[in-house]
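Chemist: So you can see what is in the structure, the chains are spelled out below.
Protein chains: 2
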Amino acid sequence: MSAAINNIEIQKAKTSKISSIDFDNLSFGKVFSDHMLLCVYKDGMWQLPKVVPYQPITLDPSSKIFHYGQSVFEGLKAYKDTDENIWLFRPEDNFRRLNISSKRLSIPELPEDYFMAGLKTLLQVDRDWIPKSEGSSLYIRPFVFASGNGFHASPADEYMFIIATAPSGSYFSGKLKVLIEQTYSRSANGGVGFAKAGGNYAGQFYPTQLAVEKGYQQVIWTDDTTHEYIEEAGAMNIFVRINDTLITAPISDRILDGITRRSILEIAKTENIPVEVRKISVKEVVEASKNGTLKEMFGAGTAAVISPIAAFGHEDKDYDLPTLENSYGALLKKRITDIQTNKSEDPFGWRVKV
Amino acid sequence: MSAAINNIEIQKAKTSKISSIDFDNLSFGKVFSDHMLLCVYKDGMWQLPKVVPYQPITLDPSSKIFHYGQSVFEGLKAYKDTDENIWLFRPEDNFRRLNISSKRLSIPELPEDYFMAGLKTLLQVDRDWIPKSEGSSLYIRPFVFASGNGFHASPADEYMFIIATAPSGSYFSGKLKVLIEQTYSRSANGGVGFAKAGGNYAGQFYPTQLAVEKGYQQVIWTDDTTHEYIEEAGAMNIFVRINDTLITAPISDRILDGITRRSILEIAKTENIPVEVRKISVKEVVEASKNGTLKEMFGAGTAAVISPIAAFGHEDKDYDLPTLENSYGALLKKRITDIQTNKSEDPFGWRVKV
Chain B
1 MSAAINNIEI
11 QKAKTSKISS
21 IDFDNLSFGK
31 VFSDHMLLCV
41 YKDGMWQLPK
51 VVPYQPITLD
61 PSSKIFHYGQ
71 SVFEGLKAYK
81 DTDENIWLFR
91 PEDNFRRLNI
101 SSKRLSIPEL
111 PEDYFMAGLK
121 TLLQVDRDWI
131 PKSEGSSLYI
141 RPFVFASGNG
151 FHASPADEYM
161 FIIATAPSGS
171 YFSGKLKVLI
181 EQTYSRSANG
191 GVGFAKAGGN
201 YAGQFYPTQL
211 AVEKGYQQVI
221 WTDDTTHEYI
231 EEAGAMNIFV
241 RINDTLITAP
251 ISDRILDGIT
261 RRSILEIAKT
271 ENIPVEVRKI
281 SVKEVVEASK
291 NGTLKEMFGA
301 GTAAVISPIA
311 AFGHEDKDYD
321 LPTLENSYGA
331 LLKKRITDIQ
341 TNKSEDPFGW
351 RVKV
Chain P
1 MSAAINNIEI
11 QKAKTSKISS
21 IDFDNLSFGK
31 VFSDHMLLCV
41 YKDGMWQLPK
51 VVPYQPITLD
61 PSSKIFHYGQ
71 SVFEGLKAYK
81 DTDENIWLFR
91 PEDNFRRLNI
101 SSKRLSIPEL
111 PEDYFMAGLK
121 TLLQVDRDWI
131 PKSEGSSLYI
141 RPFVFASGNG
151 FHASPADEYM
161 FIIATAPSGS
171 YFSGKLKVLI
181 EQTYSRSANG
191 GVGFAKAGGN
201 YAGQFYPTQL
211 AVEKGYQQVI
221 WTDDTTHEYI
231 EEAGAMNIFV
241 RINDTLITAP
251 ISDRILDGIT
261 RRSILEIAKT
271 ENIPVEVRKI
281 SVKEVVEASK
291 NGTLKEMFGA
301 GTAAVISPIA
311 AFGHEDKDYD
321 LPTLENSYGA
331 LLKKRITDIQ
341 TNKSEDPFGW
351 RVKV
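Chains B and P, in that order, give the protein sequences. Position one of the first sequence corresponds to residue 1 (UniProt numbering), numbered consecutively onward. Position one of the second sequence corresponds to residue 1 (UniProt numbering), numbered consecutively onward.
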């Protein structure tokens with residue numbers, strides 16, 4: 001199934017949009033590079049991927065993506081160093097997680113080569129689209145969706161795998177205030193919360209809107225049975241620092257196995273930061289805030305990188321986090337972005353040159 | 001917002017596919033009528049709906065439907081009686097539920113007129129597509145999805161509402177054997193299980209495939225906290241008859257408020273069938289099967305109508321249901337389809353003439 005592919009077919013765009021892009025004022029995921037990788041599943045197998053001009057997709061109205069939410073995605077970033085080298089961060093982990101998500105959604109798994117060789121070829125073709133300025137990067141969005149037709153509620157017989165890229169600035173702006181959710185839930189035990197499945201995100205929009213109306217930007221999800229334990233924030237995993245210990249919830253079938261989360265845990269060890277991976281109760285966090293032992297909270301994810309949380313809300317009360325001179329968040333963010341952008345050694349072997 | 005619309009613009013298809021369709025051998029949702037209703041949300045409002053030729057949809061690769069599963073749908077049927085009159089069954093209930101689903105998914109709600117007048121106009125244009133043979137009908141699929149662009153995980157700014165139709169035969173074929181699920185779950189407390197959201201369906205495909213490999217066609221979902229209580233079957237609500245009492249689970253934020261389910265409860269009352277709407281434990285059903293008091297189980301839904309269950313599996317054991325001469329399922333199916341197809345009086349006022 002996974003025969004090595006040496007050459008990816010490239011169909012070049014006739015004109016480039018790049019001169020119309022203001023690289024000094026990039027928002028997140030709103031402008032798209034000239035090309036995309038396109039790979040089609042039909043007749044029971046993934047066909048060879050191709051680099052093609054970024055172009056609209058045409059589908060039948062009965063295409064299952066419109067009806068049954070059969071889709072998964074990934075998010076990673078490409079960075080360019082001062083010598084114009086292009087770097088990826090743990091891309092094989094994204095590939096593996098994409099297939100884990102696909103399996104749970106009954107989507108056929110991709111051969112590793114199609115993903116890795118396809119991605120690298122795409123980045124070489126669109127290398128001029130990778131921003132170099134601090135805090136910017138080329139956001140990479142691999143996604144797979146059901147393109148096959150029919151109203152029967154069952155897996156499609158055709159799929160599309162696409163990698164599209166968008167030169168992007170930061171995901172959040174301003175101070176991040178989050179609400180610990182006590183009514184709505186993100187995922188069920190035995191559900192698809194661990195997968196990057198499209199439907200997991202749409203289900204968060206309404207509760208997040210309600211939180212936004214109260215002055216928060218994001219929701220911290222809790223378990224759906226008791227709402228007593230902190231899970232994740234949808235676009236990022238959550239870390240809490242109580243005294244000098246950094247704590248994050250264990251992954252489960254409800255919580256995404258974040259690559260940034262995993263990397264932070266490893267970096268923290270080498271920095272001699274005491275780390276605990278265990279259940280975190282809402283009560284514990286509120287108590288720690290009240291007695292002054294809650295030092296930091298931050299979110300961690302590819303889009304969010306490490307985003308410090310300035311305050312959290314719980315049961316109609318807001319709790320401010322202190323502003324630290326030497327925060328774990330700032331240190332860990334510097335360590336991880338230095339590795340990602342080739343500004344430091346990479347003792348973990350995470351960086352991949354394109 | 002909901003100004004009455006007297007005339008829906010109609011763009012007729014230049015040719016009809018109808019002569020290529022074998023109306024005597026219809027499967028479910030595989031061939032589509034000549035036209036569809038199309039209505040676009042942009043600039044902050046739903047634009048006027050139009051009847052247009054059934055045609056492909058063209059979207060940007062960053063369209064949010066591909067990434068975040070922001071979609072909802074409905075299912076209903078049109079029937080033609082011997083006098084060529086066209087009938088719908090409680091279509092306002094489908095409209096209301098579509099908007100309930102939309103709200104939970106942060107999709108803008110539709111004006112009632114756009115749905116109802118649009119649907120009726122579409123059916124008049126494609127009236128020849130409505131099958132007349134016993135057990136066949138025109139399956140109607142209203143759906144709304146996020147067509148707006150961008151990789152930010154937030155609601156789209158543009159949507160499409162489409163009604164497509166498919167002359168269809170029965171949803172299930174053969175004896176229906178179901179598995180009571182003990183590992184996977186369909187929905188969370190505080191989640192989107194009550195909505196007809198696309199993502200709810202994709203999440204069921206993999207556990208259903210596992211059940212199919214064991215010889216079952218469908219999964220009966222249980223609560224995600226304990227797996228002790230029966231919820232629904234994804235494509236249908238579940239009814240259990242113990243002795244002479246018909247029992248179904250109450251609706252909740254995890255269970256779809258099925259229109260067929262609701263109708264059956266009302267018909268059963270007029271037939272003097274004792275009905276209980278309460279939690280049903282798996283243990284109770286297994287016990288009732290063992291001691292001979294479990295008389296019937298059936299699924300109820302628009303696509304499934306009333307589908308008798310021949311056997312259920314639980315913890316590696318199969319339990320056969322008896323074959324009854326005078327089953328509630330057969331009686332209730334006759335009553336509801338007679339109303340739907342104008343073969344009987346309609347004391348409930350459910351039937352709507354197009």
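Please note: incorrect hints may appear among the correct ones.
No copy is singled out in the list; a pair is fine if it fits within one copy or between any two copies.
[Stated by the list, open to error] Computed list of lysine-lysine pairs in DSS-like fashion (alpha-carbon distance at most 27 Å, straight line): (1) K269 <-> K42; (2) K120 <-> K50; (3) K30 <-> K42; (4) K120 <-> K12; (5) K353 <-> K175; (6) K343 <-> K283.
Don't read these hints as lab results, they were simulated from the structure. Note that the structure is predicted; figures quoted are calculated from it, not measured.
Chemist: If a hint holds in the structure, say so; if it doesn't, say that too.
Modeler: Okay, the hints, checked on the actual structure:
1. K269 <-> K42: For K269 and K42, the Cα distance exceeds 27 Å both inside one copy (46 Å) and across copies (50 Å).
2. K120 <-> K50: Within one copy, since 12 Å is at most 27 Å while 44 Å is not.
3. K30 <-> K42: Answer is between; shortest inter-copy Cα gap is 17 Å, intra-copy 30 Å.
4. K120 <-> K12: Cα proximity of K120 and K12: one copy only (15 Å, versus 47 Å across).
5. K353 <-> K175: Neither: 34 Å inside a chain and 56 Å across chains, both beyond 27 Å.
6. K343 <-> K283: neither (40 Å within a copy, 61 Å between copies)
Violated hints, listed in ascending order, are 1, 5 and 6; each of the other numbered hints is respected by the structure.
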